Amino acid sequence: MANKRNATMNVALITAVAAAILVWRPTVLINGLQSAGLYASIAIPMGLILGIVHIVNLAHGEFMMVAAYITYMLCAATGMDPFVAMVPVALVTAAFGFVIYKLTIRQALKAPELNQLILTFGLAISMTQLANLLFTSQTRKLSFDYVSASLDIGDLSFGVYKFVYIGIALLMIVGLKLFLTRTTTGKAALAVGQNPRGAAIVGIDVDRTYGLVFALASALVGMMGAVFITSASIFPAVGSPYTMKSFCLIAMAGIGNIPGILGASILLGVSENILKAFRGTRGWADIVFFVLIITVILGRSIRGKKA
Amino acid sequence: MKKASAILAILALSVPAFAQSGNIKIGGTWPLGDITGKQGSMAAQQAVDEINAAGGILGRQLELIVIDDELKADKGAAAIEKLVTVDNVDVLMGGMASGVALGQIPAMKKYGKIVISTGAASYKVEEALGADANWYFHLHPWDYNQGASYAQGWDEIQKKYPAIKIKKLFLAYEEGAFGKSSFDQTKILFGEGGRYVVDGAPFKSAAQGGGDYGSMLETAKAFKPDLFLWAGYDADALPMLEQAKAMKFNPGVYLGAPPGWPIGFQNSKLANNVMLYGMWAPSINDISAASKKFYDGFVAKYKAEPATYFAPLSYSAVYVYADAVKLAGTTETNAVIKALEATKYASPLGQTITFTPAKIIKHQGIKNQKILQWQNGRQEVIWPFESATAKPVYPFPKWK
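Just so you know, the protein sequences line up as chains A and B, in that order. For the first sequence, this note's numbering begins at 1 and goes up steadily by one. For the second sequence, this note's numbering begins at 308 and goes up steadily by one.
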């Protein structure tokens, strides 16, 4: 009963804050939600790996970068739209992720966490440098008319295209929920994530499950890489800032809490845009990011201690 | 004993002659992971090969030794140490980032080798060099030179084309040192005497993990500028235009000042009539034989177009030094410095390079930048008028 009342109060509070922001400056909410969609849809695949394989993949952003370059080459050569290209690109990145898992990650699963971090950090650097050698550091960008789609409400004109990222994040959340709760492989993955030894005892092939989850997450981040090029320029180092951001969003949401990643992203996106709305605090967007993480993690550990 | 003394005397006399034989060594430092440095070093090699194919200088061949500074000050400083003490180069060349140059200056001061710098725009580098660095020849304009030349350029453009009226200027600048320094300079140079009303807002560049320009563009739109200028990186160019279009932000002049432009920028429908600041564009081939020679040679050698002005600038650095050695008749430092002071090199940048005093240093090469405009897929020079390849298209067309 108390939980229900708390949940109702939270919903009422969030609605009131959103309404207040809308009245005060609607673009803060619009830009905040659009940024949140992008952050969440990149972070969710990383959350899947962290929740089940229990490894922090510091090459996560680089997987997206590789997918973005594959999409760019495919679209530039064939004139294909990235939303069509995302299907073959996802298949390629899934295979790539599976191979990377088998060749490297798998070997380090039982190693100390620091070794795992160094391994994935090494993968990230290798991918960036290879992209630099193949494509140079000069940026690339394809133009699509629909990216500039806008909506006018009174005097206010704003872009609507980036709401697509919120849609992708929601699709990922629903899709993963269905996969993890309704399919045998998904249920096996959940079991492995909760207790790999117990899962192995009941006959689940843990290594195969890890490989499949890694491939699935790589496919999802590959799809995001394909969509990413519609609105952003690509260059070899484009992925790395998203790795850290994704990891921190997962930490804010709590490991294994996939829908929570979207919530954390909205909190971050809207907070960043509130600061950007004031002349004196425009450059503080990165600070709010770390303040939020510290606050959430500290709050959680204090609550944990009390419990 | 007499015999030994005679041998020693002969050896001693032969040392200068030995030092003046063999290849003339040029030590270059560029950030090779970045397109500016990569193509800068390629263009320098192109110049070296051209000079060698024509017989070299003073009967000697040029040799270019390149070290990657990785855009890091410590790597840049170590590169200078190695080039001077291990490779024993005759001249130091190259550079792009001011931060790297600041790290290199102590080593440069220690050895006093001639330096022909192709980068480092920050006035802080000039302050670190001091007035005594007579061995330092700076080809790239300082940041205050750039700002002053833009102010002069817009004054002259408005005088020549009365339809162009600029009073309110908005500068969107990336949050880093480059953007902030650009904003400070713009406020001083354009704001003085109330000639222009200047406002600005920072944004996080896509190159640094940003790429959301919504709040910055909202501020710019509310200011209603006649000239919208953004100082960021190539990664910002198209996404910012796309967001400006989505927000129906239509300034009279839309101008970008990144160090380079993304591959294929000109193919975007949004790119047409965007203005830019720069030093060189392939369109200068139409008015400059030196530019055409450089461009054709680069494309033939590397099967790629020079993407930024750092390529012709680095190419020029080699020729400037080679001409000075030829004039001096030796690679001896003081003689070459004297010869460099007499430089008059018709560069591929569409202007003749000479060295005149800057605020602090004695040897400043180029002081003016150019105002250009993307027109039908080409960067056309709008100002200075003596290098112009097209008339400006004004105002920036309304979004369709």
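What the hints contain is simulated information worked out from the structure, not anything from laboratory work. There's no promise every hint is true.
Listed below are several chain B residues computed to face chain A (Cβ distance under 7 Å; list not exhaustive) [said to hold, decoys possible]:
{"#": "1", "residue": "Ala361"}
{"#": "2", "residue": "Ile364"}
{"#": "3", "residue": "Gln368"}
{"#": "4", "residue": "Asp519"}
{"#": "5", "residue": "Gly521"}
{"#": "6", "residue": "Pro546"}
{"#": "7", "residue": "Glu549"}
{"#": "8", "residue": "Ala553"}
{"#": "9", "residue": "Lys555"}
{"#": "10", "residue": "Gly559"}
{"#": "11", "residue": "Pro569"}
{"#": "12", "residue": "Ile570"}
Here the structure is a predicted model, which means the values were calculated and not measured. Glycine is no exception: its CB is placed at the ideal position from the N, C-alpha and C atoms.
Checking against the hints above, which ones are violated? 1, 2, 3, 10
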